[in-house]
Amino acid sequence: MDATRSYWLVKSEPSKYSFGDLVLDGRTIWDGVRNAQAAIYLRAMRLGDEVLYYHSREDLSVVGTAIVTRESFTDPSDATGRFVAVELSPGESLNQPVSLRAMKENPALADMIMFRQFRLSVTPVTAEEWRVILAMSNSEV
DNA sequence: GCCAACGTTGGC
DNA sequence: GCCAACGTTGGC
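Quick note on our numbering: the first sequence kicks off at 30 and runs consecutively.
Heads up, some of the hints might be wrong.
Stated by the list, open to error - Within a straight-line C-alpha distance of at most 20 Å, the following computed SDA-like cross-link-like pairs (lysine to any residue) qualify:
(1) K40 to L138
(2) K45 to I58
(3) K40 to T109
(4) K133 to R63
(5) K133 to Y36
(6) K40 to D50
(7) K40 to S106
(8) K40 to A156
(9) K133 to S41
(10) K45 to E87
(11) K40 to I58
(12) K40 to D88
(13) K45 to T33
(14) K45 to L138
(15) K133 to V92
(16) K45 to R63
(17) K40 to R75
(18) K45 to A156
(19) K133 to V161
(20) K40 to P126
(21) K133 to R148
(22) K45 to V161
(23) K40 to R56
(24) K40 to E116
(25) K45 to R56
(26) K133 to R145
(27) K40 to A108
(28) K40 to A68
(29) K40 to S118
(30) K133 to S85
(31) K45 to A67
(32) K133 to Q146
(33) K40 to T155
(34) K133 to S118
(35) K40 to V52
As the list claims (entries may be wrong) - Computed Cβ-Cβ distance ranges for the label pairs, DEER-style:
(36) R99 to P136: 31 to 37 Å
(37) R160 to T109: 36 to 42 Å
(38) R145 to R86: 18 to 24 Å
(39) E134 to R99: 32 to 38 Å
(40) P136 to E87: 24 to 30 Å
Derived by calculation from the structure, the hints in this document are not laboratory data.
Where is the CB? At the ideal position from N, CA and C, for every residue including glycine.
Using the sequences and the hints, build the whole thing.
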C-alpha cells in the first residue's frame, strides 16, 4: 500500500471482457464508459493507481488487480468527445476471489461506494477497503 | 430471465 | 425546463 496512490474498482462482465482476457492482452483501453459520474472517476485516475477487477453478473467477485498505465484521454469510441478512457494493465490474480456477498458481510466494507451506486462501473476504493479486500483474498499485494 | 434502480432522451 | 418513456446495468 502506498499513500501517494489512489485505489479504484472497475466492473466488467466476464463474458464480455474478463480478468483473464486482460492478462492475455497485457493491457487494454478501458473505454465505453458512458456515465458522467464514472467519467469523473476515470479523469481522477493517475499512473500507478491500483484497481480491483470485479466480475459482474456471473462471478460477482473481485478476481484480480490492475494498474493504471495511461491516464485519461478522450474515449476514441465516443463521438461526442464527452467521455474518457484510461489504459489498464494486469496486476495480480487473487489467490481466492472475494465475493460480493463476503464484501457485504464485512462491516469494514459497509461504506463502499459500489454498494450505494451499484450500477456505476468505476468507483473509488479507500486504502483501508483495499487492504481489507486483499486480506480477504489471501493475497499479498 | 426478471426487474429495480437510475441515467438519458425528447415531446411539450 | 418538466417529466414520462425508454434503455442499460447488474443483483438476484
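Unmet hints by their number, sorted upward, for this structure
3, 4, 13, 14, 18, 22, 27, 34
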